[in-house]
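Trainee: Given the structure of chain V, go ahead and fit chain L onto it with the hints provided.
Protein chains in written order, with my numbering: chain V, 87 to 543; chain L, 87 to 543.
Just to be clear, a hint being listed does not mean it is correct.
Same chains, same label: a pair holds when it works inside one copy or across any pair of copies.
With a cut-off of at most 16 Å between alpha-carbon atoms, the simulated EDC-like pairs for lysine to aspartate or glutamate come out as follows [as the list claims (entries may be wrong)]:
#, residue 1, residue 2
1, Lys369, Asp346
2, Lys215, Glu518
3, Lys335, Asp96
4, Lys339, Glu97
5, Lys155, Glu176
6, Lys89, Glu158
7, Lys334, Glu453
8, Lys344, Asp374
9, Lys516, Asp266
10, Lys494, Asp376
11, Lys339, Asp96
12, Lys89, Glu154
13, Lys89, Glu99
14, Lys344, Glu493
15, Lys513, Glu453
16, Lys488, Glu175
17, Lys516, Glu493
18, Lys335, Asp368
19, Lys155, Asp110
Source of the hints: derived by calculation from the structure; they are not laboratory data.
Next come the chains, spelled out residue by residue.
Number of protein chains: 2
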Amino acid sequence: MRKMTKITLDEREMPKQWYNIAADLPGPVNPPLGPDGKPIGPEMLAPVFPMNLIEQEVSTQRWIDIPEKVLEILYLWRPTPLVRAYRLEEAIGTPARIYYKNESISPAGSHKPNTAVAQAYYNKAFGIKRLTTETGAGQWGSALAFATSLLGMECRVYMVRVSFDQKPYRKMMMRTWGADCVASPSNETQAGRDILAEQPDTPGSLGIAISEAIEAAVTDPSGETRYSLGSVLNHVMLHQTIIGLETKKQLEKINEKKVDVVIGCAGGGSNFAGLSFPFISDKINGADIDVIAVEPASCPTLTRAPYSYDHGDVARMTPLLAMYSLGHTFVPPPIHAGGLRYHGMSPLVSHTLRHGLIRAEAIHQLECYDAAVLFSRTEGIIPAPESSHAVASVIREANRAKEEGKEKVIVFNLSGHGLMDLVGYDKFFKGELSDYALPQTDLEKYTEILRAYPDPL
Amino acid sequence: MRKMTKITLDEREMPKQWYNIAADLPGPVNPPLGPDGKPIGPEMLAPVFPMNLIEQEVSTQRWIDIPEKVLEILYLWRPTPLVRAYRLEEAIGTPARIYYKNESISPAGSHKPNTAVAQAYYNKAFGIKRLTTETGAGQWGSALAFATSLLGMECRVYMVRVSFDQKPYRKMMMRTWGADCVASPSNETQAGRDILAEQPDTPGSLGIAISEAIEAAVTDPSGETRYSLGSVLNHVMLHQTIIGLETKKQLEKINEKKVDVVIGCAGGGSNFAGLSFPFISDKINGADIDVIAVEPASCPTLTRAPYSYDHGDVARMTPLLAMYSLGHTFVPPPIHAGGLRYHGMSPLVSHTLRHGLIRAEAIHQLECYDAAVLFSRTEGIIPAPESSHAVASVIREANRAKEEGKEKVIVFNLSGHGLMDLVGYDKFFKGELSDYALPQTDLEKYTEILRAYPDPL
Chain V
87 MRKMTKITLD EREMPKQWYN IAADLPGPVN PPLGPDGKPI GPEMLAPVFP
137 MNLIEQEVST QRWIDIPEKV LEILYLWRPT PLVRAYRLEE AIGTPARIYY
187 KNESISPAGS HKPNTAVAQA YYNKAFGIKR LTTETGAGQW GSALAFATSL
237 LGMECRVYMV RVSFDQKPYR KMMMRTWGAD CVASPSNETQ AGRDILAEQP
287 DTPGSLGIAI SEAIEAAVTD PSGETRYSLG SVLNHVMLHQ TIIGLETKKQ
337 LEKINEKKVD VVIGCAGGGS NFAGLSFPFI SDKINGADID VIAVEPASCP
387 TLTRAPYSYD HGDVARMTPL LAMYSLGHTF VPPPIHAGGL RYHGMSPLVS
437 HTLRHGLIRA EAIHQLECYD AAVLFSRTEG IIPAPESSHA VASVIREANR
487 AKEEGKEKVI VFNLSGHGLM DLVGYDKFFK GELSDYALPQ TDLEKYTEIL
537 RAYPDPL
Chain L
87 MRKMTKITLD EREMPKQWYN IAADLPGPVN PPLGPDGKPI GPEMLAPVFP
137 MNLIEQEVST QRWIDIPEKV LEILYLWRPT PLVRAYRLEE AIGTPARIYY
187 KNESISPAGS HKPNTAVAQA YYNKAFGIKR LTTETGAGQW GSALAFATSL
237 LGMECRVYMV RVSFDQKPYR KMMMRTWGAD CVASPSNETQ AGRDILAEQP
287 DTPGSLGIAI SEAIEAAVTD PSGETRYSLG SVLNHVMLHQ TIIGLETKKQ
337 LEKINEKKVD VVIGCAGGGS NFAGLSFPFI SDKINGADID VIAVEPASCP
387 TLTRAPYSYD HGDVARMTPL LAMYSLGHTF VPPPIHAGGL RYHGMSPLVS
437 HTLRHGLIRA EAIHQLECYD AAVLFSRTEG IIPAPESSHA VASVIREANR
487 AKEEGKEKVI VFNLSGHGLM DLVGYDKFFK GELSDYALPQ TDLEKYTEIL
537 RAYPDPL
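Okay, chain V solo, but in the shape it has when bound (with noise of 0.2 Å):
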């Protein structure tokens, strides 16, 4: 018998905890250093972060409950669908069963609303009026301003200067939350200034927008502005968790047992730590999981970057993260996956690559568009050019099903839609979309600078 295309939970099925896999992981975690190669106190990240997210940054408890207002809000949407994705699968051929965890549905598009709701939740408790963030292609900025506007909170977002001219679309959608978007580097901060002075023509990048966003949050004299990051940082990780949980509950729900393969796209890795962290809870505890983190072969943070000690931002603002990085000045190729054009990756993703619990792939460009665009055309969700990433990866592995005659199970995460992103597609369709190869020496010139900092092995 047909099983269902799609697996919905009511919201009393819903998780109420997140899980913290840094109860969990194998060997040591590498701690943020300061300035002076020395673990750093909380008391150091407090202008930055709000004390009750800093201590979620640190926590090794396991379970960790969803505040009650958090929940109310994440309702509007969660639990998402799990959606099989039959006519896919048909037109490939393959006797994988293939799943999508859609995202997508969120109002702002994409899974980013999963920690923005939280963390601003967390800053409102804690007397914060204000909060500033950068933003690459957008997804997280909407998400963010979609989050304060729920909350009452006021929100500036920093957006790389060639997303914000190649998307005009997002800005009037953070406008329409109330939020203010201004391109970056601005006039508006030191760090953007000293840039412009440099470079009047840069692209921009996540790191300097970061780098604003900061000092923007930590220059307020009110001191009732923080800042926020939309990945890579643990309590990120942590918020995102709950498209796992859903999914796993899901997949009892219709009696799919055995998992094979979980895949996602990795930027910063939130969505990817999301969906994954949960069943890598069980590979620790034994589970045969082949775990796919994607990423762009222009961005190639965890498959060509060494593991390193930098900094999360191009103005040195943050941290020392112990992390996969490019080095922190490594400015991505103009790939329209923006989301996915940044120099480093979650400490808690890299960890669980350097204890091999899970690999990573990546794939350019001009696949990921062709991957999408089947997509589109058989499951009819046109995908972010960040997931399209994911999408590329799971027509490999359903082809090598394919040839192995295997019926295995997939299972992966469509992080958001792709609607504010059709100038990609329309590129791609003219052909004017290119790869781009990056040399061994150039990405060695870039991660050159990190041999300065403490080596974390």
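Mentor: Frame of chain V, contents of chain L only:
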């Protein structure tokens, strides 16, 4: 105890039949007339529509089975959630309980795929390989592109030139689903060439686009092309009733026994009919429900136009339909709710108004944008400009309930999201939008031509 925010159904609970209100309507329904003023037979429509849809168009059978293949595609996003708008209620301070049916989560972003999938399916079952249609703002063209893509058919969309130029994302969306979208008037049809010869710089109109789409269908020598319409006709209303049927099940599920007010915006009538017809069925059987169709004050078909026979298009290629009509040459002011800029109205919706089963309300654009911004900032979803008319009416009713101190239950259709229409919001925030007064003498000028047609009363 707080009730659930979001009431979901799993796909086993989805209605398996559409509801045909023609079986229950009081009074005789006026038939479409041919050029000779006599009721047309099915054979006259055969070059335009496949016979299986023509049979649905004239059916008076109360329940019509939804084909399994149609259900399989609808399952990708249906049943859609019914959401309790707690946060909007709180913002208004109303004792009313407000629920919205969230049709915005379909892959195309609106309710339109409900009929697009059904129409594509019936055409394909009849041996048709290619569909043509027109689109104004683009919601309908996108939905048909989505549906034909999943059914492996070709699709050509004639998009009003001014919208084609103003909303380039819509064209890219259709292209991603494999459909061709051309600006209308085009050089591809005689109708288009004639108009271009006379007015090379014309911005185009829905009437011209309909003429081109019909011509392209009926002149295809292979006989494998038909035309598809996204609203107005009986079979379109039928396919949309799944919205209201699901809603009734969802209200039952939370034991919400009595609905007081049902609200939908109305352009051609399809999302309004989809939600309201199953409730009007109860009303015909004695239930006390206030059913409100909301239209733009600048295109006041239901509130200020006569009930008359008129053509559905400017070029008078369609049969004469009995409906409220502003006259087929009426050109509505350029409000951003492009989907509501239609001179006529579904004959079935018109019939329910004439018989007092519904009432109509006209609201100006600025009040609708105000309402949409409040909805965006409380419930999180940015409404399509069309849907914002329903939101504005809901706010009026919720305020009335507050004044009267009544615990009313209000249900409305959030027919689509506004992520492709953010330019309208941008202009609203910049103060560049205005309301448009329509002097009675202007309306009389347009409706004068209706005197030449048979009187349906």
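Trainee: Out of the numbered hints, which ones does the structure contradict?
Mentor: Failing hints, ascending: 2, 7, 17, 19.
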